[in-house]
Amino acid sequence: MSDFPHTPPRFSATFTPAVNAEIRRAAASGIYDIRGGGTKRHLPHFDDLLFLGASISRYPLEGYREKCATDVWLGTRHAKKPIHLDIPVTIAGMSFGALSGPAKEALGRGASEAGTSTTTGDGGMTEEERGHSKTLVYQYLPSRYGMNPDDLRRADAIEVVVGQGAKPGGGGMLLGQKISDRVAMMRNLPKGIDQRSACRHPDWTGPDDLEIKINELREITDWEKPIYVKIGGARPYYDTALAIKAGADVVVLDGMQGGTAATQDVFIEHVGMPILACIPQAVKALQDMGMHRKVQLIVSGGIRSGADVAKAMALGADAVAIGTAALIALGDNDPALEEEYQKLGSTAGAYDDWHEGRDPAGITTQDPELYKRFDPVLGGRRLKNYLKVMTLEAQTIARACGKNHLHNLEPEDLCALTMEAAAMARIPLAGTDWYPGKGGGM
Amino acid sequence: MQKFDLEAQGLRALNAALHALNGQTNETAWEVVNPKGSHSIAVGLDAPIELTVHGSTGYYCAGMNKQATIRVKGSAGPGLAENMMSGAVIVDGNASQYAGATGRGGLLVIKGDASSRCGVSMKGINIVVHGNIGHMSAFMAQSGNLVVLGDAGDALGDSLYEARLFVRGSVKSLGADCVEKEMRPEHLELLADLLKQGEAEHLAKPEEFKRYGSARNLYNFNIDNASAY
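Just so you know, the sequences run in chain order E and X.
Using the UniProt record's numbering, you'd call the opening residue of the first sequence number 1 and step up by one each time.
Using the UniProt record's numbering, you'd call the opening residue of the second sequence number 1 and step up by one each time.
The shape of chain E in the complex, shown without the other chains (with noise of 0.2 angstroms):
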């Protein structure tokens, strides 16, 4: 032993020590990393923006006293029959077989007593969502897993799914054991096998077969459904001119924070974009073919509070889309199931191994012993509370800013704290009225 002093243990910051655990467990096992939820990494988001509330340039409205109006109408390009919501919070597609029966009725329970919509998933329609859900739009999937007519008719909204944030250009697989004999039956399916939900739709090619594959839609349903178009956030401003040019009613827009049942963990992580920098672009689609608020924009992809909300409407959204926080309303990777999680090999609040079915809480989970512990009245309480709270922020905060509806906020009502979400969202830098790229490029 010398007496010499040594250089102390140093870690890498590009072989971190997950970096490094992740290589062994990729080695051991031999394939990559599949798992739920969204991306983990540190992304410029909504907490990056600032309202600036009124003073004397602006004036502000009493708060509980003055209205502020939150319903918003979708579907009002085309259909016979457009929405009509309370709010402006809807619950994004999750799929049967990725939640329990009682997941989906509670999320139906939930959304019907918040005055919103809840969306169905690759999976198809369940008696538990169609049955507890007012507004329910149906997912018009790749898969096409369960896919048919009658359940188009009973739906009240269609949505065109051609990319998810969570993996833009890729499908999903769920695994062989989550498959119970009603997951496979209605996927066509054999039990025990892994289930993959295509990267693209079977029966079109383009923009050009989009704009016909809508108008078969259309004729099936008599042109009373608003048809939604769902794309993942990575060439928005594109993606939503097409989308818009293909006849979509509305545009729903999903960043890279947003989930996903099961899937690559490199794909979660790195590719995408943040739903800050999708939405100017989308916004700006919809402005530059005069369609901003006659083809609705909703956004998702780590919506969590009513000033999340706010800050997407503000940036030019009609209303916006939870999946992640809906599950935790419910209850999902909740601290008292903390001693489970851990024997799960993880903790409350990092669970995200939904795709194994073994989820403590029963809410991502086809085993009935499971989803019995969760209960769909209070899980559906639990939300309708969440929704109502997200809305009463996103009021207190619109009248602050001297608005009477929440699509009266506007860019104009916010700062970036950073150069990135100035960049980005195209918002002036706090105490400047400058962001980066002003005065050139899209």
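No lab work stands behind these hints: they were computed from the structure.
Take these hints with a grain of salt, some might be off.
Stated by the list, open to error - Coverage of chain X stretches by chain E, computed from C-beta distances (three or more under 8 angstroms per stretch; other residues unrestricted):
id : segment
1  : 40–53
2  : 59–70
3  : 202–208
Note that CB positions come from ideal geometry on N, CA and C, so glycine has one too.
Given the structure of chain E, go ahead and fit chain X onto it with the hints provided.
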């Protein structure tokens, strides 16, 4: 017999009239003239009617059909009978890409050739093609039967699940996890019935076909199969 001039009366009027028949109807015989390649002809039907289209159709003819028997006296564009649930669709001429895509039931008969991706992701439909089919047909096909009296193009049955493929002619290449399988008596019996339903019993005998299906090697992910993906 109800006669509908599509050029004069328009697509919306046609589909609205056909949708109004859902349930019980005595108007069971329909003719559509002047289709002129229009898209979405007779989509979303849900009544036991007989409808004949005199001429060629565009995209998605007979899409999501239930119960109805639809005959096309011409050729059909892409997406013919997509996601059909039940009933029958019979085309005298050729069909373009993805005929019978994601179909969940019923019978699709194409008396000419079908193009690429015939039966893509089929989920229970039976398809009988008198002529040839193009590349990537029956890609990710889940269940149902595809019968081809002619030849098949590249990558037949790629990533196939439980659908059964019967081809009389040559197969240019098989897709990942698709293999030739033994033709057992029950398959000959099934094929004879499908040929009869497909108005092809006079054109071919079951013994002339080969059967293809999934090797089931890719049903659960294994890194040692990565070269197959």
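Structure-based check of each hint:
no., hint, in the structure
1, 40–53, "holds (count 4)"
2, 59–70, "holds (count 5)"
3, 202–208, "violated (count 0)"
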